[in-house]
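Enquirer: Chains as they are written, first to last, in our numbering: chain R, 283 to 544; chain U, 524 to 724.
Treat the hints with care, since some could be wrong.
Claimed, not checked - From the derived model, a few chain U residues whose C-beta atoms are all more than 12 angstroms from chain R:
| id | residue |
| --- | --- |
| 1 | Pro588 |
| 2 | Val596 |
| 3 | Ala600 |
| 4 | Ser603 |
| 5 | Ser641 |
| 6 | Glu703 |
| 7 | Arg708 |
| 8 | Gly719 |
What the hints assert, rightly or not - Only part of the chain R face toward chain U is listed, based on derived beta-carbon distances under 10 angstroms:
| id | residue |
| --- | --- |
| 9 | Ala320 |
| 10 | Arg322 |
| 11 | Asp440 |
| 12 | Met447 |
Since the hints were derived computationally from the structure, they do not count as laboratory data.
Where a beta carbon is used, it is the ideal one built from N, C-alpha and C, also for glycine.
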Amino acid sequence: MIQLGVFDLSLAALLVVALALTSARIYPGLAWQLLVAALRTAIQLTLIGLVLKALFANSHLLWVGLLSLLMLTVAGREVMTRQHRRFAGSWGYGIGVVSMFVSSFTVALFALIVVVDNEPWYQPQYAIPLLGMLLGNTMNGIALALDRLTQSAWEQRDVIEARLMLGHSAAEAVSGIRQQVFRSGLIPIINAMAAAGIVSLPGMMTGQILAGVEPVEAVKYQILIMFLIAAGAGFGTLAAVHLAVRRLFDKRQRLRLDRLQR
Amino acid sequence: MKLFEARHLSRATLGDLSFSLSESELVCLSGPSGAGKTLMLRSLADLDVNEGEVYLQGVLRELMPSTEWRRQVGYLAAESRWWSETVGEHFTRVEADILSQLGFEDEVLGWQAERLSSGERQRLALARLLSNQPRILLLDEPTANLDPVNTQRVERLVTDYLRRQRAACLWVTHAADQIERVASRALYLDTHGLAGPVNRP
Chain R
283 MIQLGVFDLS LAALLVVALA LTSARIYPGL AWQLLVAALR TAIQLTLIGL
333 VLKALFANSH LLWVGLLSLL MLTVAGREVM TRQHRRFAGS WGYGIGVVSM
383 FVSSFTVALF ALIVVVDNEP WYQPQYAIPL LGMLLGNTMN GIALALDRLT
433 QSAWEQRDVI EARLMLGHSA AEAVSGIRQQ VFRSGLIPII NAMAAAGIVS
483 LPGMMTGQIL AGVEPVEAVK YQILIMFLIA AGAGFGTLAA VHLAVRRLFD
533 KRQRLRLDRL QR
Chain U
524 MKLFEARHLS RATLGDLSFS LSESELVCLS GPSGAGKTLM LRSLADLDVN
574 EGEVYLQGVL RELMPSTEWR RQVGYLAAES RWWSETVGEH FTRVEADILS
624 QLGFEDEVLG WQAERLSSGE RQRLALARLL SNQPRILLLD EPTANLDPVN
674 TQRVERLVTD YLRRQRAACL WVTHAADQIE RVASRALYLD THGLAGPVNR
724 P
């Protein structure tokens with residue numbers, strides 16, 4: 283296995299800097315965002331590397347649990363900030379967190395206890411990366427779906443209300459939007475599964491192969507991860523859309539756009 | 524017992540309103556724009572959060588599922604919306620009778636909803652609403668985009684409907700001649716609240 287040094291990474295970083303310099307003329311703000319994001323990647327990944335190293339040396343359920351919760355809170359914040367019109371108050375944060383918790387944690391537990399079946403099941407070397415992959419993808423699906431749902435409800439409020447006026451239920455009135463939203467939440471993972479191996483080698487597998495793992499072994503893990511992600515992102519999006527639709531209407535089935543932040 | 528009654532209806536920008544409708548009654552509602560006529564109709568249809576008691580045949584609206592309430596208390600917005608491709612897909616039940624009274628042939632149901640003119644939209648929205656057979660009609664300027672011939676068709680259809688179904692109607696209009704033609708009573712809404720009823724002989 284070839285060890286990467288700081289110098290090697292700096293060379294790669296130069297590419298990002300070159301991109302930032304080039305794009306600064308077209309869109310200065312974006313160039314700045316790019317640099318900040320790249321810097322965040324370097325710092326965050328280094329930190330998590332150190333945390334994981336410490337955690338692997340000292341694998342205790344409490345620490346694994348704490349780190350998982352921290353990951354969940356950060357993912358919840360991320361879902362919230364990515365929404366143009368989020369729900370006001372704690373709902374803006376809560377819907378994302380609850381649906382991610384329900385889907386990602388359940389799927390991760392299932393994978394760890396039933397599929398991987400390690401002793402102990404919470405061995406951080408498996409638990410944390412698995413949960414991380416799940417949370418990351420579920421987060422994307424949920425953020426996309428919630429953003430589209432609130433945005434569509436806002437834009438199409440006249441149509442939704444026109445249907446309510448005719449005595450349609452809230453569920454009927456948003457059925458079309460709901461379909462579109464659910465589709466937009468699931469399309470990324472469907473595309474990823476359909477193109478996997480042919481167009482692109484998934485990142486996790488690539489990383490494993492670069493690190494010297496036997497390709498067929500890497501593939502098995504990648505297939506497992508793909509299925510888990512599909513389930514996690516799918517059920518998470520379902521849960522988030524379900525909760526959000528309930529919040530968009532009250533018990534008299536009135537469209538409550540006043541519950542969204544202005 | 525009144526067919527329809529509102530007591531102390533109010534919401535953020537609307538005062539304390541009380542009025543009632545009897546069977547077959549057509550009450551015209553007028554008043555300056557911004558006085559809250561549309562908000563009043565929306566509240567009666569229970570589309571927005573509002574306070575007060577509203578009864579249909581003595582039954583408080585909260586005792587009915589909201590979908591049932593809105594089928595019975597049909598609200599026609601000033602602007603109609605169409606979500607499916609053809610006109611027919613928006614109807615639960617088709618009454619050729621109503622369509623022909625509004626000057627349409629049956630084939631209108633196959634038309635593209637998107638390509639309707641504003642006048643066609645307005646008349647078809649009324650037909651769509653009536654196909655639910657509501658007991659109460661809340662009409663927000665239902666003839667605003669119509670020529671005299673179609674205005675007359677709508678007026679005749681609604682008055683016929685009220686008589687046949689023993690329904691009642693609250694009709695928002697600014698046209699004095701229309702009030703003269705169709706109203707059994709007129710109400711006036713301004714920032715001070717509802718005035719009237721002015722009974723006509």
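Enquirer: If a hint holds in the structure, say so; if it does not, say that too.
Expert: Here's how the hints hold up against the structure:
1. Pro588: violated (8 angstroms)
2. Val596: violated (9 angstroms)
3. Ala600: violated (7 angstroms)
4. Ser603: With a cut-off of 12 angstroms, Ser603 (chain U) comes too close to chain R, as the shortest Cβ separation is near 7 angstroms.
5. Ser641: The claim holds: Ser641 (chain U) sits with its nearest Cβ about 15 angstroms from chain R, beyond 12 angstroms.
6. Glu703: Non-interface label stands for Glu703 (chain U): nearest chain R Cβ at 29 angstroms, farther than 12 angstroms.
7. Arg708: Fine: 24 angstroms to the nearest Cβ keeps Arg708 (chain U) off the interface.
8. Gly719: holds (26 angstroms)
9. Ala320: violated (45 angstroms)
10. Arg322: Violated: closest Cβ of chain U sits about 43 angstroms from Arg322 (chain R), beyond 10 angstroms.
11. Asp440: holds (5 angstroms)
12. Met447: Holds - the Cβ of Met447 (chain R) comes within 10 angstroms of chain U, reaching about 5 angstroms at its closest.
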